[in-house]
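J.: Protein chains in written order, with our numbering: chain A, 4 to 379; chain B, 4 to 379; chain C, 4 to 379.
Check each hint, because a few of them may be wrong.
You can't tell identical chains apart in this list, so a pair holds if it fits in one copy or across any two.
With a straight-line cut-off of 30 Å between C-alpha atoms, the simulated BS3-like cross-links for lysine-lysine are [to be verified]:
#1 LYS18 <-> LYS156
#2 LYS295 <-> LYS18
#3 LYS156 <-> LYS352
#4 LYS285 <-> LYS185
#5 LYS285 <-> LYS367
#6 LYS295 <-> LYS285
#7 LYS18 <-> LYS285
Note that these hints are calculated values from the structure, not bench results. All values derive from a computational prediction rather than experimental measurement.
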Amino acid sequence: NGRSLSFESADGAFKAQVGGRLQIDAAAHNEDEIALGDGTAFRRAFLDIRGNVYENWNYRFQYDFARPSGTGENATGARGIRDAYIQYTGLTPAITVGQFKQPFGLEHLTSSLNTTFIERSLTNVFNPDRAIGLGLSHGGDNWSASAGAFGEKSEVDPGEEGNEGWGLVARGTFNPIIEKNKLIHLGAAVLHRNPEDGQLRFRERPEANISGVRLIDTGVLENVDDFQQYGLEAAAVFGPLSVQSEYINTRVQRASASTDLDFNAWYAYASYFLTGESRGYKANTGTFDRVKPNSTVGQGGIGAWELGIRFSSADLNDSSFIGGEQDNLTFGVNWYTTDNIRLSANYIKVLDVDRPGNPADGEKPDIALVRAQIDF
Amino acid sequence: NGRSLSFESADGAFKAQVGGRLQIDAAAHNEDEIALGDGTAFRRAFLDIRGNVYENWNYRFQYDFARPSGTGENATGARGIRDAYIQYTGLTPAITVGQFKQPFGLEHLTSSLNTTFIERSLTNVFNPDRAIGLGLSHGGDNWSASAGAFGEKSEVDPGEEGNEGWGLVARGTFNPIIEKNKLIHLGAAVLHRNPEDGQLRFRERPEANISGVRLIDTGVLENVDDFQQYGLEAAAVFGPLSVQSEYINTRVQRASASTDLDFNAWYAYASYFLTGESRGYKANTGTFDRVKPNSTVGQGGIGAWELGIRFSSADLNDSSFIGGEQDNLTFGVNWYTTDNIRLSANYIKVLDVDRPGNPADGEKPDIALVRAQIDF
Amino acid sequence: NGRSLSFESADGAFKAQVGGRLQIDAAAHNEDEIALGDGTAFRRAFLDIRGNVYENWNYRFQYDFARPSGTGENATGARGIRDAYIQYTGLTPAITVGQFKQPFGLEHLTSSLNTTFIERSLTNVFNPDRAIGLGLSHGGDNWSASAGAFGEKSEVDPGEEGNEGWGLVARGTFNPIIEKNKLIHLGAAVLHRNPEDGQLRFRERPEANISGVRLIDTGVLENVDDFQQYGLEAAAVFGPLSVQSEYINTRVQRASASTDLDFNAWYAYASYFLTGESRGYKANTGTFDRVKPNSTVGQGGIGAWELGIRFSSADLNDSSFIGGEQDNLTFGVNWYTTDNIRLSANYIKVLDVDRPGNPADGEKPDIALVRAQIDF
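Next up, chain A with everything else stripped away, as it sits in the complex:
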């Protein structure tokens, strides 16, 4: 981003950059029946080193120092390695070895720095973790394609003497329109995975991360042979206005005695820049990018101001199986004071949870969530 501590050797053959990101959150909850603790936390605290050697070789190492929130059953996240890979761009497609995001999902693949709302939507329940694997990727002025074979994320203990899970993932995107401040994005992705030990779990927080409570949760599914996902993406930008939507379907195949399961989730949102900016976009990866404010706070400007509204829904119920169905409505405001500092406030209204027999059934809490964010 031009701001980081960076270095280039005299002949330009070696480039390196040290940076990071901080996301500082606070939340207050209007609880329903279930207790949701108010408080503060670092959501992400990344160190990020990346570089380029001998033209065709890239590397990146990223570590998140933020402590996991929640404990035991409720724990999520963890201090840990994020992106950490070696990439060779001397062939088409480019080859990447190491840990990186599995190519699935528009909101998932867009950096957490650049998502319109503070947390990703309920579809995030199906987004795959980063994992160690081998990836191929290529892209042009109005398209991108990527695929990979992956083991488990590095935090999964390799010393457990079962064999690791593995998966195959592929994604393509296309832009029928791509002009300055005008964009249509279409995308699709598929995923196949054999989980380790035949176990699988889907669960998700209500679009806020201070409380550890998940209102929907399949529990640990046993006897899983494999599962498949497909995702559909659409987004459009017309100057300051943007709309975006995704749908993800997940089908779990289980051995004899256990029934197969079919889950899905979707969201749709719109955002508008009061100050006239447009969302950034990278066509060759098919992801949204940084917003560049027209003016900068502290340099005589007021930065960029954006308003957003999102509806989001995830359904982990399938006939007699009850993991819960949840609908959320979220209002957001973002103040981009500079091109690397952003202050955000979200109000999340849980519209309903349909999870008969569980304490979460019928819960309708409200959450006020704020974030201060810098990347450097």
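Let chain A serve as the given structure and place chains B and C on it in line with the hints.
T.: Positioned in the frame of chain A, the structure of chains B and C alone reads:
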């Protein structure tokens, strides 16, 4: 400090710096009744990234990689985020969001790199941790003022579904005299805090950190409504001679059945530079700063040599409540071989522990403590 | 290595460098009786900051972010501080304070970036950990000498109230021949150590680190007074051909009721560069160094290609005491695509395990192990 890996963009709009600090300790104990283990440890191992963007925006990210010492009941410290904040200096006062030191206590706010003795005195039992919050600060040529509202430190699990504790803190300092190598510092601070879950604990090691034993310890106080602290600070520098003293009073308010408690601690010390240097000081933050030796070891010089003596006392007894009262006498010598490398040796004599009914009562161990320190 | 993010002040008095290393592993096992889990892992993920101030002062701070593999009984490795020291080179010998490798063993002291095979041989069962200590070192054009006194590694809890273990170590190396691409290396080292709490354990994985299983293991030896080791090293380089061998003997002295124990291990290997390179070497530390390929992949070249074969054996049996004896044969191929990127594949054949009464007795698994490595 001019030594770190730093970077400034061509137009000066972006500055960043990567550095750190290492403190390597070893201790031997002349035990009394209670066993105190001899050994070695990293006391602090910081990575530190800080920068400035668009003139008015500062950021800092600091992580301590040193492992906690002690386990279970005796554990202290932890790998974890230290300073991590975004600051806007375009207004008066400056606004800081994130995690940073709560403005309370002269020895506490002076960097661990620049305290005269290896560990802070027994008043440290009352010093608040860094916490996530919002701060205001300003200062001039002979004064400083700062205040903030804080939640808990980032390591406190936000996913526990009680609400986080919170507190308000303010501090002011004034210099009736401030000339080259001549200084009088006066300061005062107040703190109010509601702890999480009504629980509170004060305990402190005997000014050395290799052993995990605390000779004074209130245990976990239950039913705490809130507590208040005030602190008074005075220090003076006359050329190579320096004197410094602090007093902290803590009053704990507890719900009906539990009695209120009143604790206090103080210290006083003097130090003298055999080689003629004076202690550094920053008036606009009201804290002591780096010592710059008149000559450098390895460049034909002998560095700076400083001798110090400190008396320090903490009283956690209040009528029938017995947390223990401890008095320490400490002798110290510091060898500043360069302006960023310091070798220190302290001899700590525990004069007495008054804690009837506890094994620590009457303990009088001696501790020999050495440290090698670099900041880069 | 000239590639890292480095900085030098205008007058050359201050130099600093930020870098790191990534080692990404995957393994598949042809199991015998004991289950060995296939999978992927980061073997090492280092951040590395080093610098030089005022000519004669060096410092280094290195942290490994890779998660330990294995859990509980089988756990090994850990996120933790690696090298972290301050060094003064203004005297002869140079003085180092902090944590660094204890000077024992050629393969041990050669960086994990530059070992010919992916993992060190079975002699690694006796290699001492890095520890906090004080070291002296010196070396010339064809010799090196180093010695040190060490406590425990920083990860050992200093708060346990027993006294830390300590040890003394010394090593010397000599090169009767040292010319361009032609080298004979001879070395010897001795070690004496008093372990903490009289406890000691030797165990080792089969030259691959994805599975947590050790086929040889003394278990925790109690009542250990102290133990001594000596090691002998020999290596030769003749152009593209290299041979290397080590022998380590360990004698454990135990208190009255427990018998003394005598263990040993050795390895020998040969490697050959198909592309004509020679192994790098540093005479003043007596260790092997980076390979510089004659051509670079992505710059019209094919990099350097090296083939290797190693026999390795460790014997933890002594008369009636059975810790296990293991023999391994390893075939390796390394592809140095650039001077800082290396892809390696090893095939490890466990020839035999002699450990009567233990499930590991007679085990003969095969392991296919691959690694992608970059240092930056």
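J.: Look at each hint and say if it fits the structure.
T.: Going down the list of hints, with the structure as the test:
1. LYS18 <-> LYS156: within (28 Å within a copy, 35 Å between copies)
2. LYS295 <-> LYS18: Close inside one copy (24 Å) and across copies (20 Å); limit 30 Å.
3. LYS156 <-> LYS352: Close across copies (28 Å), not inside one copy (32 Å); limit 30 Å.
4. LYS285 <-> LYS185: The answer is within: 13 Å in one copy meets 30 Å, while 52 Å across copies does not.
5. LYS285 <-> LYS367: neither (37 Å within a copy, 52 Å between copies)
6. LYS295 <-> LYS285: within (14 Å within a copy, 37 Å between copies)
7. LYS18 <-> LYS285: This pair counts as both: shortest intra-copy Cα distance 22 Å, inter-copy 27 Å.
Of the numbered hints listed earlier, the single one contradicted by the structure is hint 5.
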